[in-house]
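Colleague: Bring the two chains, given one by one in their own frames, into a single complex with the hints.
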Amino acid sequence: MKPFTYERAGDVAGAVAVLHSDPAASLIAGGTELVNWLKEGIVAPARLIDVGRLPLAEIELRDGFLHIGALARMSEVSAHPDVRARFPAIAEALEESASPQLRNMATMGGNLMQKTRCPYFRAETALPCNKRVPGSGCAALAGANRSAALFGWSEHCVATHPSDVAVALRAFDAVVRVVGPSGERVLGLDEFYRLPDGAPDRETTLARDEMIVGIDVPSAPIAVRSRYLKVRERSSYEFALVSVAAAVEFNGTKLGAARIALGGVAPRPWRLRGAEEHLAGVALEPQAIRAAIDPAFDDARPLAHNAFKIELAKRAVVRALLMAGGVK
Amino acid sequence: MDLTLHINGVEHRMEIDARSTLCDALRERLGLTGTKKGCDRGECGACTVHINGKRVLSCMTFAVMHAGDQITTIEGIARDGVLHPVQAAFIEHDGFQCGYCTSGQIMSAVACISEGNATDGDRIREWMSGNICRCAAYANIVAAVEAAAR
Chain C
1 MKPFTYERAG DVAGAVAVLH SDPAASLIAG GTELVNWLKE GIVAPARLID VGRLPLAEIE
61 LRDGFLHIGA LARMSEVSAH PDVRARFPAI AEALEESASP QLRNMATMGG NLMQKTRCPY
121 FRAETALPCN KRVPGSGCAA LAGANRSAAL FGWSEHCVAT HPSDVAVALR AFDAVVRVVG
181 PSGERVLGLD EFYRLPDGAP DRETTLARDE MIVGIDVPSA PIAVRSRYLK VRERSSYEFA
241 LVSVAAAVEF NGTKLGAARI ALGGVAPRPW RLRGAEEHLA GVALEPQAIR AAIDPAFDDA
301 RPLAHNAFKI ELAKRAVVRA LLMAGGVK
Chain D
1 MDLTLHINGV EHRMEIDARS TLCDALRERL GLTGTKKGCD RGECGACTVH INGKRVLSCM
61 TFAVMHAGDQ ITTIEGIARD GVLHPVQAAF IEHDGFQCGY CTSGQIMSAV ACISEGNATD
121 GDRIREWMSG NICRCAAYAN IVAAVEAAAR
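Quick note, the sequences are listed as chains C and D, same order. With my numbering as the guide, the letters of the first sequence map in order to residues 1 to 328. With my numbering as the guide, the letters of the second sequence map in order to residues 1 to 150.
Excised from the complex, chain D in its bound form (with noise of 0.2 Å):
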């Protein structure tokens, strides 16, 4: 199917099946390899990415449900080549290990913020759990979204 795709504020033409989910498209067919693929099963959040401003899942949605939409990825959110202050914050407060899960937890922590569900570590943690980390930094985690959110 032919399809064009609206990913951080740039238009990208391409032919796709319509079997791709979004999260194979953007590493696959568009070389956005910071959008991880962990279990491709939806309850990771490792492929955590925003459409229209909402954090998805984009292993549990195909590319071509998306013509018009407007997609966000972790590569689009710093900006002229500064840090956005959730990437700054995580790194401050080393909220990661190995850094598999990273950009989804980054993604779903900008979310998180501008959602007003960062407000104390029990809220940021209930609203933070669909993003698994196996490394298990989520202290480090949840230290990073709450200085970020302040």
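Isolated chain C (complex conformation) (with noise of 0.2 Å):
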């Protein structure tokens, strides 16, 4: 690890300052994803600013929205009761995330900043990677690529984004409040995760000098009726194959709405709102379901390992919709 001054910041303006006037400066919180980045060599910044006792780890509801501080613990925002009674989906993306311990630790704003668990991106041993080493290529493509993306991929990467709470904010149309040194801004999103195009080294449209402040979720009755259906390797402590955020609302025995974002099959949270348009006036029951979710995967693009998440994706969607119905 490369040596790094240690430093705690007074507040968010104080630093904002630090990022603009110094680019080897970076920001550390929960620590769980930045201290594993230092370990690897992934990053090395001189330059150590301590946001994580900044007053921002708010979680409330207020005015129509969720507002969630982007210091607020796993934990504690999986655990609030506001969030368990009127977002589900998101009590239980947390709940099903890391372990425990990380969940005491990381913070919801480092969450959405996590990178890919591509195994070429994580190698302890350089392999072309081009998130790793611009212009080094990407392994992955011609490699194994069992759990890389069937959407929004382009041939300089085929990563998946690893977090969990950021499919069921999408589902939710969550936005994310970020801090830089001309004010603030407020990105959805599709807004503020970028898909790799030439330059997968950039996950987010987050400007160096910037930070998050916040996350805000528009308070939906729809969102009352929601689910999140982990699917992954082993029961507990890994990382999603395939994830599903649903939620319903009925028009009397039909669908009147419905919510759907998937998770382990793009390189951001990947909405099928055109699966939701299908879904309305449908009946809550398997086949009709797939019926209207099925051509969602038309454009679907698979690799030479990752074919099988299609059909493992689209019966997700189906369950995780009669979950959120509350079929058994």
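Check each hint, because a few of them may be wrong.
Result set (DSBU-like, lysine-lysine): computed pairs, CA atoms no more than 35 Å apart in a straight line [claimed, not checked]:
id: 1; chain 1: C; residue 1: Lys254; chain 2: D; residue 2: Lys37
id: 2; chain 1: D; residue 1: Lys54; chain 2: C; residue 2: Lys39
id: 3; chain 1: D; residue 1: Lys37; chain 2: C; residue 2: Lys2
id: 4; chain 1: C; residue 1: Lys115; chain 2: C; residue 2: Lys254
id: 5; chain 1: C; residue 1: Lys115; chain 2: C; residue 2: Lys39
id: 6; chain 1: D; residue 1: Lys54; chain 2: C; residue 2: Lys115
id: 7; chain 1: C; residue 1: Lys39; chain 2: D; residue 2: Lys37
id: 8; chain 1: C; residue 1: Lys115; chain 2: D; residue 2: Lys37
No lab work stands behind these hints, which were simulated from the structure alone. Everything numeric in this text was worked out from a predicted model, so none of it was measured.
Modeller: Structure follows, in structure tokens:
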């Protein structure tokens, strides 16, 4: 690990001012991602600014939004009564992430800033990876790409985004509030997360001198009937192969509206808006749902080893919608 | 850097490299080797300690981030020479073989019980899933946590 200096930020403006004036500076809060990046040499900042004790840990339902401070810990958000009652998919996505110890440390802002778990990116020996070393190539494109993306990838990068809670946040149209030297901006998650295109080393549109200060989730009635389904290779403490945040609203005995976002299939949480529209007026039963959601996968682009994720994701969407609608 | 840590009710002053994880500071600087360094990547749970009453991984945080925090390690949970009930339950139920993961398991279990997450076997397995045991003493670990929670 390269040497760095350490200081605690006094306030957001001070932290942002350091980022603006010192290109070698980096923020640290929970540390559960950054400490690994430092150990692996993925990043090597000369100056760490600890923002972990700034007063940005609110979790409050107010003015039609759930306001989540950037420094609220994952465990605090998942345990919050309003989150559990009004946004069950957010609570479930958080509780199925990481381990209890990591959830006590990791912050919500830091969770959104996670980098991919692609094995080539995380490799201890240097392998071609355009995220690690821009221009070095993508070893996963023709390599072991079982966990790679179905949607939104480019020949420069086929990695998926690992966050669970971002998938639930995407289903609920959450926005990210960020502060830079010239003030605050508000970004939807599709504006916050970039597709890899030709520059996969940049996952987000966050400028180098900006920091996330909060996440606002509109408190829509549909969120109350929501679930998060995570499919993984062991039953706990593992990243998703495929995950689904689903929410439903009934119109009589049929679906009136639905929300679907997928994890583990794209470089960012992947909303299935077309499928949501097709579900209006559909009965909450497996065959009818399957027929309505199938076309959403027509533009999936599988690689050599991950085509199984198309059928897996379709079945997961059906099951998540049934769960959200209260079918056991 | 100058750093003061509060560990098991005792104040420790030291000069420390900012790169030292809390786990390394406990073991290498303070001789508190009960906390184990397993994977050093936040994957195994062997380094679990409590900070301000919450279970965390000491390998995934820098020591300098914890000036002012109350830290509890495995050395700090027995009282007046009497084992903590979770320690006693691990012995009673043979909740280990090689013992390397045990202090992390016990620190995690103490928190798991106080959080209210040790209500039945399935819940214990889920809420203890951040602590890996390569000897696979899991059945006895769950039995020990279940017994200590009663």
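Colleague: Taking the hints in turn, state whether each one holds.
Modeller: The hints, checked one at a time:
| no. | hint | in the structure |
| --- | --- | --- |
| 1 | Lys254(C) / Lys37(D) | violated (55 Å) |
| 2 | Lys54(D) / Lys39(C) | holds (24 Å) |
| 3 | Lys37(D) / Lys2(C) | holds (21 Å) |
| 4 | Lys115(C) / Lys254(C) | violated (39 Å) |
| 5 | Lys115(C) / Lys39(C) | holds (15 Å) |
| 6 | Lys54(D) / Lys115(C) | holds (26 Å) |
| 7 | Lys39(C) / Lys37(D) | holds (14 Å) |
| 8 | Lys115(C) / Lys37(D) | holds (24 Å) |
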